[in-house]
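S.K.: Residue numbers (the working numbering), protein chains in the order written: chain A, 1 to 281; chain B, 1001 to 1275.
Source of the hints: derived by calculation from the structure; they are not laboratory data. Just so you know, not all the hints are guaranteed correct.
Derived lysine-lysine pairs resembling BS3-like cross-links, with alpha carbons at most 27 Å apart [what the hints assert, rightly or not]: (1) 272/A / 178/A; (2) 1254/B / 1191/B; (3) 1254/B / 178/A; (4) 272/A / 1254/B; (5) 1229/B / 1018/B; (6) 1191/B / 1229/B.
Computed, partial: chain A to chain B, Cβ under 8 Å [claimed, not checked]: (7) 192; (8) 200; (9) 277.
We put the beta carbon where it would ideally sit given N, CA and C, even for glycine.
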Amino acid sequence: MNAKAETPIAAFRARRVRAGGGSSRRERMLYGGSCLSLVLAWLVLTGVAGLPPVVDPAFLPSPLDVGRAFMRLVDTGYQGHSLLYHFGISLFRFFAAFLFCLAVGIPLGLLMGVSGAMRAVFDPPIELTRPIPKLALLPLMIVWFGIGELSKILLIVAALFPIISISAMQAVRGVSIKRIQAAQSLGASRAIIFRRVLIPASLPGIFTGVRVALGVGVTMLVGAEMVATSEGIAWMALTASDFVQTDIVLVGVLIMAALGYSLDLACRYLEKRAVHWSGRE
Amino acid sequence: MSLQPIDLYGPARRARAKLALENVSKQFGEGADAVRALSPVDMVLCPGDFVCIVGPSGCGKSTLLNLVAGFERPSTGRLLLDGRDIDGPGSERGVVFQQGALFNWMTVLENVAFGPRAHGNRQARERAMHYLELVGLAGFAQRYPYELSGGMQQRVGIARALANEPEMLLMDEPFAALDQQNRELLQEEIKAIWRRTGKTVLWITHSIEESLFLATHVLVMTARPGAIKSAFQAEFSRSDDPFVSTTPAFAEAKRHILGLLREESLAARHQEIAS
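Work the whole structure out from these sequences, hints included.
M.R.: So this is what it looks like as structure tokens:
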């Protein structure tokens, strides 16, 4: 705890702490440079400043074309619905599944962490189905739950639920026995220990699971919108690719990337506020 | 010599017992995998005793403390606190751990108020503040444990245990991870707190100096499965001299216990090589 920064890893950690957990000026410059060269490569490949494009625009439209396609979609929508509507439908599917997993998966995981009986009952359905690639369940989901929203939401749930519940369970089981014993010897009841010790001590592990789930969730959204729908951002991108409308495909891809990225940012922000002690033993 | 051998289970002590261990032993696992951690122990702690247990690593001294704390159940025998069986952790036995047992998600004040609050005490915060002042950390009430040094964290741990006003304090090598200066300072403070409050203390340590400096009774344990090898009454804790550990009598006592422990450390090493 009061260990001196003697080992290379300790020195490395100390440096990170000194920089406020952030990165140095040099690292930020390199980061910006890396982003910039990606955009530059895209510009060069698609022909910039009068140069001929290296790649056929039908395969890779220029950033400007993608921007124009985006404006056009904002103005006129896609296949009878506005872009905002497609985005809203996708958001609804994602959040319905994600929030369900948070509301049910976290409490269930916590209970599985403290109760061997709960673990014995719920571990098999979660662990045994975990290796199944959830995308492979899509046809079954449609047969079972129809072509409406339910089958799409359940597909995303099937992918996120094990991640979130198991990470919550592992987080509880990883709470240091000393802290639990300390609370017991201070006279805390089981309920108080659960609420004031186990739950807060598990939060860092829960956040890790939630962040993994966010990434997987956006991926599963694409899967959920592959068939039996004519709405949604992923559906728009998939349909546009059938007509080689690569500019619209890229608009869809970038919107989903922006969604995933901003969800991750929001989660990291929340984590920093809610779990200020994380990694600072 | 200021070390007097004593029978910790003598009839006079048994009559005044605060805590009594009768034939208490502990074995982990069953059958061929069983590990005997603690040989049968008989001992009595009287009110106001400060008992230090020293022994080679792995001798079962922490197991003994865990049994008294109620974190473990004995394999044989029984433990009695004020004549009643110990059947689990209880707030009349405050525990201070070596390190890493503070609640990092709570402020220092909330940590110390945790026990009183768990008992529904409305003055929990006031009481916590009182004990933070006692350990000299009133100015750090709103900080988080991870913002404090190792020595300050141990003070929080001590204040947290004291805030429940337990009858007994159980300390499991509380200063083992601290540097020499911090340790000596805290030892003096603990001695002062103990004198003022008259609590019964069971203290596990591997430092002979610490045990002689603090204890009214020093217990030396054998190598695993630990048993009580010798028990002494010590005088040095009565001294007000912070440098009592530099006196010839202290050195002589230390030498005596070192000799006893050396035999056990050698025995422990033979065990390790044999197994």
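S.K.: Compare the structure with each hint and give your call.
M.R.: Here is what the structure says about each hint:
1. 272/A / 178/A: Roughly 25 Å between the alpha carbons, so the hint for residue 272/A and residue 178/A holds.
2. 1254/B / 1191/B: 19 Å, holds
3. 1254/B / 178/A: Since the Cα atoms of residue 1254/B and residue 178/A sit roughly 32 Å apart, the hinted pair is violated (cutoff 27 Å).
4. 272/A / 1254/B: Between residue 272/A and residue 1254/B the Cα gap is close to 50 Å, so the pair fails against 27 Å, i.e. violated.
5. 1229/B / 1018/B: The given pair, whose Cα atoms are some 22 Å apart, holds under the 27 Å limit.
6. 1191/B / 1229/B: 26 Å, holds
7. 192: 5 Å, holds
8. 200: 4 Å, holds
9. 277: 4 Å, holds
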